[in-house]
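Chains as they are written, first to last, in my numbering: chain E, 23 to 466; chain V, 16 to 380; chain Y, 474 to 727.
Treat the hints with caution; some may be incorrect.
Stated by the list, open to error - Examples of chain Y residues lying across from chain E (beta carbon under 7 Å, computed): (1) P543; (2) L567; (3) E568; (4) A582.
Hint data in this document are derived by calculation from the structure and do not stem from the laboratory. Quick reminder that beta carbons are idealized off the backbone N, C-alpha and C, glycines included.
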Amino acid sequence: MSTATDPIGRRLPDTLASYWEQDLVKIFSTLAAVYTLYLLVGVLLGYDLFGQLNSLRRLTFLIVVYGIAALVVNLHWGYSGLFNIGVVGFMAVGVYTATILSRPVAGQNPTGSLPGFGVPLPLAIVAGVLTAAAAGYVAALPSLRLRNDYFAIVTLAFAEILRITFKSSELQEITVFGWTFGTGGGRGIRTFSNPVRTFFETSGQPIVAAVESTGLDGKIIPDWSFVFVLLTILIGTYWLISRLSASPFGRVLKGIRDDEEATQSLAKNTSSFKIRAFVIGCAILGLLGIVWQGASSGYVTPDRFIPELTFFIWIAVIIGGAGSNTGTIVGTILFVGLILEGPGQVRRLVEEFVGLSGSVPTFPDALGALVSGNIDPVMLYVFDQTSALRIILTGLVLIWLLKRRPQGLFGDRQEVASAINLEDRVTKRRERGSGAQTSGGDGN
Amino acid sequence: MLRDITPERLHNSTRIRLALFSAVLALLLLDLLRRLLGGTLAPALLTGYVWNGLVFGLIIGLAGVGLSLTYDLLGFANFAHGDYISVSAFIGWGSTYLVAGLGEFNLLNLFFLGVGDTVFPRDVGISVTNTPGAVLIGLVVAAVGGAAVALLIDRFVYESIRETGAITLLIASIGVAFTLRFLIVFLFTQNSFGLTVGAWTYGLSLPGGTVNVSAPEIMLVTVAVASMVSVHLLLTRTKLGKAMRAMSTNRDLARITGIPSERVITATWLLGGALAGLAGFMIALFQGTINYQLGWTLLLLVFAGVIMGGIGSVYGAIVGGVLIGLVTRVSQIWIPASFAEAVGFAVMIVILLTRPSGIFGGDAL
Amino acid sequence: MLSVNQLQKSFQGVTALDGVSFEVEAETITGLIGPNGAGKSTTFNVISGAIEPDAGRVTFTGEDITGLSPDQTSSRGLVRTFQIAREFKNMTVLENMMLPPKNQRGEAAWRSVLPGVRDNVQADEEELFERAWEMLEFFDIDHLALEDAGTLSGGQRKLLELARALMLDPDVLLLDEPFAGVNPSLERELLARLEDLRDRGRTFLLVEHDMDLIMQHCERIIVMHQGQTLVTGSPEEVRSEEQVIEAYLGGEVT
Numbered sequence: 023m024s025t026a027t028d029p030i031g032r033r034l035p036d037t038l039a040s041y042w043e044q045d046l047v048k049i050f051s052t053l054a055a056v057y058t059l060y061l062l063v064g065v066l067l068g069y070d071l072f073g074q075l076n077s078l079r080r081l082t083f084l085i086v087v088y089g090i091a092a093l094v095v096n097l098h099w100g101y102s103g104l105f106n107i108g109v110v111g112f113m114a115v116g117v118y119t120a121t122i123l124s125r126p127v128a129g130q131n132p133t134g135s136l137p138g139f140g141v142p143l144p145l146a147i148v149a150g151v152l153t154a155a156a157a158g159y160v161a162a163l164p165s166l167r168l169r170n171d172y173f174a175i176v177t178l179a180f181a182e183i184l185r186i187t188f189k190s191s192e193l194q195e196i197t198v199f200g201w202t203f204g205t206g207g208g209r210g211i212r213t214f215s216n217p218v219r220t221f222f223e224t225s226g227q228p229i230v231a232a233v234e235s236t237g238l239d240g241k242i243i244p245d246w247s248f249v250f251v252l253l254t255i256l257i258g259t260y261w262l263i264s265r266l267s268a269s270p271f272g273r274v275l276k277g278i279r280d281d282e283e284a285t286q287s288l289a290k291n292t293s294s295f296k297i298r299a300f301v302i303g304c305a306i307l308g309l310l311g312i313v314w315q316g317a318s319s320g321y322v323t324p325d326r327f328i329p330e331l332t333f334f335i336w337i338a339v340i341i342g343g344a345g346s347n348t349g350t351i352v353g354t355i356l357f358v359g360l361i362l363e364g365p366g367q368v369r370r371l372v373e374e375f376v377g378l379s380g381s382v383p384t385f386p387d388a389l390g391a392l393v394s395g396n397i398d399p400v401m402l403y404v405f406d407q408t409s410a411l412r413i414i415l416t417g418l419v420l421i422w423l424l425k426r427r428p429q430g431l432f433g434d435r436q437e438v439a440s441a442i443n444l445e446d447r448v449t450k451r452r453e454r455g456s457g458a459q460t461s462g463g464d465g466n
Numbered sequence: 016m017l018r019d020i021t022p023e024r025l026h027n028s029t030r031i032r033l034a035l036f037s038a039v040l041a042l043l044l045l046d047l048l049r050r051l052l053g054g055t056l057a058p059a060l061l062t063g064y065v066w067n068g069l070v071f072g073l074i075i076g077l078a079g080v081g082l083s084l085t086y087d088l089l090g091f092a093n094f095a096h097g098d099y100i101s102v103s104a105f106i107g108w109g110s111t112y113l114v115a116g117l118g119e120f121n122l123l124n125l126f127f128l129g130v131g132d133t134v135f136p137r138d139v140g141i142s143v144t145n146t147p148g149a150v151l152i153g154l155v156v157a158a159v160g161g162a163a164v165a166l167l168i169d170r171f172v173y174e175s176i177r178e179t180g181a182i183t184l185l186i187a188s189i190g191v192a193f194t195l196r197f198l199i200v201f202l203f204t205q206n207s208f209g210l211t212v213g214a215w216t217y218g219l220s221l222p223g224g225t226v227n228v229s230a231p232e233i234m235l236v237t238v239a240v241a242s243m244v245s246v247h248l249l250l251t252r253t254k255l256g257k258a259m260r261a262m263s264t265n266r267d268l269a270r271i272t273g274i275p276s277e278r279v280i281t282a283t284w285l286l287g288g289a290l291a292g293l294a295g296f297m298i299a300l301f302q303g304t305i306n307y308q309l310g311w312t313l314l315l316l317v318f319a320g321v322i323m324g325g326i327g328s329v330y331g332a333i334v335g336g337v338l339i340g341l342v343t344r345v346s347q348i349w350i351p352a353s354f355a356e357a358v359g360f361a362v363m364i365v366i367l368l369t370r371p372s373g374i375f376g377g378d379a380l
Numbered sequence: 474m475l476s477v478n479q480l481q482k483s484f485q486g487v488t489a490l491d492g493v494s495f496e497v498e499a500e501t502i503t504g505l506i507g508p509n510g511a512g513k514s515t516t517f518n519v520i521s522g523a524i525e526p527d528a529g530r531v532t533f534t535g536e537d538i539t540g541l542s543p544d545q546t547s548s549r550g551l552v553r554t555f556q557i558a559r560e561f562k563n564m565t566v567l568e569n570m571m572l573p574p575k576n577q578r579g580e581a582a583w584r585s586v587l588p589g590v591r592d593n594v595q596a597d598e599e600e601l602f603e604r605a606w607e608m609l610e611f612f613d614i615d616h617l618a619l620e621d622a623g624t625l626s627g628g629q630r631k632l633l634e635l636a637r638a639l640m641l642d643p644d645v646l647l648l649d650e651p652f653a654g655v656n657p658s659l660e661r662e663l664l665a666r667l668e669d670l671r672d673r674g675r676t677f678l679l680v681e682h683d684m685d686l687i688m689q690h691c692e693r694i695i696v697m698h699q700g701q702t703l704v705t706g707s708p709e710e711v712r713s714e715e716q717v718i719e720a721y722l723g724g725e726v727t
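Could you build the full structure based on these sequences and the hints that come with them?
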């Protein structure tokens, strides 16, 4: 019935298009499509049940963590017009703070590892989130008046200063007022044990045992449980940000992004709104850092927080269309499924079916072999470079998108910034006929 | 309550800011003198910092000129500029290796800087004093390569989206940056490559130690100064240069007469790219090593220099670059070396917050 | 109500305002005229706080508001519109209208999120919607309620600009060429409504180039020229002032 503006909706027959209108349908059908693709690849690669589950789990994990980050970038940039390219810095603040606080106090720490403040993990996590929020405040407060590109440079510089600080050998281990703690410097620091895994090693052990008795690998339970916990955080973030967007608060943010001066001339203290949006986003990033780098990998180094990560997060938003929360999620699914993990999957397929053997040569060697007519070394080389390839692919996709469709998939559609359904109200008002004297009283 | 701390209150009163800034500067200078006179700071060390900072700063300034020109003329921050530096450095040094090792080693291995441990610096023995010809050729190739890369990127990426606005171009430049950087990774891996062997060095004896002045450093200063003089002559004596300055200083006039003429844009990219190439080749020479992040790690400092000097001002970019170079070195009197760059960034942030137009900047941008 | 006193402002050596002084009385429609470059827009910018004057004072309802920021002046009841309409292109007309009003509880982030508290925000939104709808009907653009503001025609944008400003319930409204691009019959209707609003207690300071309009509808007129106030007075007084004025009033200044 309504004309869709996105490239997918436009091509659907009318019946399907009306389903596509709904946000959840967009998200779930994209997810289903990518899942199916991966299952197919798994079949081709001869995965057993555990293998398929593992493959989907890894995929889901990445979609969830990138999705949370992308939603924050959308809040900052898509809604408030704040060009934050220091995203990873705030994640680092969150996880480093939580780690330093939660590590066992000096004297109780295992030999050879860094001591900390011995704060219980839940408290440490809260502190990490709050510190990330505070870092956001410090970064944004003086910079709000700067125009977009300068603001971007400041956030980048801020993130780099943080990374340098975490990497410095001077702060590797220090003692202040009798407390010994540190950042671990360049080597990094062990974070904390994953609460979910701990649970299943203790009270939850029977569940694992029960699963194992059916012949499946018991690791499925804690692994997938952790992903579900993250998924809950993603859903919570989506809920939070959607409610923020569909409200007077979100409305003013949109106004700021559209025309900040005009918004100011309508009696809105735009700095206050921008700060709040920025700080909320940074708090979420702090939490993300804690669960992603902290809980998931159990170890954190400064070099995990590199610009490439920010780059990936941003392109997920741009693919989906900045300004649209749903678009951001869809963009993340597509980015993770096709661009981030795509090259790796292609490589696995190639290895399976083309059967390359031999050691990976250097590029000059491969080139030389190509000249003599042997393409195996070239293929060996190319498929060994998945990490570089996926970044190159990301860059090319970004450039292509900006030239052809800068608004991404769903950037055109407006997510109405109101706490009530305006379309509904308008229709009812028009049905009542113009000139109605009484306001309200008409039910919702 | 927190809302009362408005950015407006922080920005008000230029006098307070100026007073604070002067006070900090004065304090630092006083402390410097105290240490010098008291003996805790060796004159040799200080001279070393200053000399090192000057050389480093000149390279940053050179890179900044190109960035500043395109920033001003086309109105966007080209985040790919750092990777123009990297790419041209690799092309230049590959050529130097090629020329220096010709006949003795496999051509491809040479051009790829001996990736995979096939060729080592000591095998080829490159230095300014050993193989000046190879070094010079590499320098020229780097400049040409940088110019070519800059122009090609403009033609293939930026040209069609020039009207879409500064932010779109900025995002596009970030895409270009990563693409170029990881193209280098694809070809050269993420390893660092040693490039040179020791060159002639003069040890200047000063109280507290010796300050080393090496042939590469002298060459760098020479090339940098020569380049800046050439740019100056280009901008003031040639017709093209005058057109470039006209476009830059009188944007309104340019707008009235239409989109900046293609010639000026092309010339700006070529010039900026060539200077990036020189800077890239020389920073690798200065450090003695090269890796895929060469330009990127420099980029923020280059931005710092450009912003400090004022966007659009060629002389500002150079002065700003030198100042940043000095800051990153001299600050080590007070701050551990690992924080040296962070200080540079902090200075840039302070400048952005207090006087975004920079030292030589005209309009408040 | 609103007075400016000896405003000075220069931009990089070019003097835009050179001792501008005038008063706007409450509950009037006052016109501000002058040839292009006289400094009318700059004056508006100074009054609203978009620019700080080099010298001089702006007083509003007895309070010195010189140098206050635009959001501070507008929240005190002094609202301006822009010569080139600055509607929020990426929002619907309704959202444009629902953005301005002050004291919206939902502008606090936590109120919009927390389950129970959000109900209050929704109640506010319902009231706001009614107000916005009625205002849109007043200006006859309610049929555009759900259209993206970026798709409006020039005249419609001006109407939205005005309607949106009125949502702030301003005491004084500074209108910068509000009728440019609006068809003449609609212009007459709108002026009638402005006069109606004035009778209900609002004050308008109007910049316009349409001399007939100014003469017929403004109780007082302020004439500016080269950054200075030349004459203030009733239309008759202004019309009959020296030949200098004739030069500017002769014919329509487009």
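Honestly, which of those hints from before does the structure not fit?
-> none
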